[in-house]
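For the sequence shown, UniProt numbering assigns the number 1 to the initial residue and increments by one for each residue that follows.
Please keep in mind that the hints were generated in silico from the structure rather than gathered at the bench. Cβ atoms here follow ideal geometry from the backbone N, Cα and C, with glycine treated the same way. Heads up, some of the hints might be wrong.
FRET-style restraints, in silico, Cβ to Cβ [unchecked claim]: (1) 100 - 55: 31 to 39 Å; (2) 116 - 88: 18 to 26 Å; (3) 53 - 126: 18 to 26 Å; (4) 70 - 129: 16 to 24 Å; (5) 22 - 102: 13 to 21 Å.
Distance condition first, Cα-Cα at most 20 Å in a straight line; then the derived SDA-like pairs of lysine to any residue [unchecked claim]: (6) 21 - 48; (7) 21 - 122; (8) 98 - 128; (9) 21 - 59; (10) 21 - 71; (11) 98 - 111; (12) 98 - 33; (13) 21 - 111; (14) 21 - 53; (15) 98 - 34; (16) 98 - 48; (17) 98 - 130; (18) 21 - 121; (19) 98 - 68; (20) 98 - 59; (21) 21 - 68; (22) 98 - 123; (23) 98 - 126; (24) 21 - 83; (25) 98 - 53.
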Amino acid sequence: MSATAGQAQSERGLADRLGFKPGQVVQEFLFDDDVDEELRASIAERTGEELVDEDYDGVVDAALLWWRSDEEDDLTDVLVDVLGAVEGGGIILVLTPKPGREGHVSPSEVSEAASTAGLSQTSAVSAGPNWSGSRLVAPKVQR
């Protein structure tokens with residue numbers, strides 16, 4: 001197996017481990033030029049759908065939120081807004097720069113905002129060389 005084929009398999013595995021499924025519509029929030037393009041491509045490949053942007057007004061199966069410490073909004077408020085777009089049982093993946101990277105956000109800040117927004121963190125993952133991810137879901141009582 002070539003290095004490129006191995007890398008592609010690894011990326012598909014990451015999208016799989018993050019919980020993305022074929023046919024899902026995934027909406028992206030706070031996209032900027034620092035996002036992980038390989039992660040985005042792997043999610044699009046796994047779902048078979050292009051990621052939709054913040055202007056999409058339909059219901060989605062999952063959301064990617066690229067969150068940095070210099071964002072002007074409150075993370076809890078943004079999570080509540082994102083949750084409104086995600087269909088019951090869908091996931092929200094909060095992506096933050098890893099420690100030592102510009103815009104790093106502590107995991108405790110994400111956890112606290114998630115809890116306040118009524119979400120539960122199901123896992124934390126390395127989502128590429130520069131990003132960490134927190135997988136959030138609405139508690140079953142709200143679904």
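Against the structure, the hints come out as follows:
1. 100 - 55: 31 to 39 Å: Distance hint for residue 100, residue 55 holds at roughly 33 Å.
2. 116 - 88: 18 to 26 Å: The hinted range 18 to 26 Å holds for residue 116 and residue 88, with Cβ atoms some 20 Å apart.
3. 53 - 126: 18 to 26 Å: The hinted range 18 to 26 Å holds for residue 53 and residue 126, with Cβ atoms some 25 Å apart.
4. 70 - 129: 16 to 24 Å: holds (20 Å)
5. 22 - 102: 13 to 21 Å: violated (35 Å)
6. 21 - 48: The hint holds at about 9 Å.
7. 21 - 122: The given pair, whose Cα atoms are some 17 Å apart, holds under the 20 Å limit.
8. 98 - 128: holds (9 Å)
9. 21 - 59: At roughly 16 Å apart (the allowed maximum being 20 Å), residue 59 and residue 21 satisfy the hint.
10. 21 - 71: violated (29 Å)
11. 98 - 111: holds (15 Å)
12. 98 - 33: holds (16 Å)
13. 21 - 111: Violated, at roughly 25 Å.
14. 21 - 53: Holds, at about 19 Å.
15. 98 - 34: holds (12 Å)
16. 98 - 48: violated (28 Å)
17. 98 - 130: At roughly 6 Å apart (the allowed maximum being 20 Å), residue 130 and residue 98 satisfy the hint.
18. 21 - 121: holds (19 Å)
19. 98 - 68: holds (10 Å)
20. 98 - 59: With a Cα-Cα distance of about 30 Å, the restraint between residue 98 and residue 59 is violated, given a limit of 20 Å.
21. 21 - 68: violated (26 Å)
22. 98 - 123: holds (16 Å)
23. 98 - 126: holds (8 Å)
24. 21 - 83: holds (19 Å)
25. 98 - 53: It is violated: about 23 Å lies between the C-alpha atoms, which goes past 20 Å.
Going down the numbered hints, you'll see the structure goes against 5, 10, 13, 16, 20, 21, 25, while the others check out.
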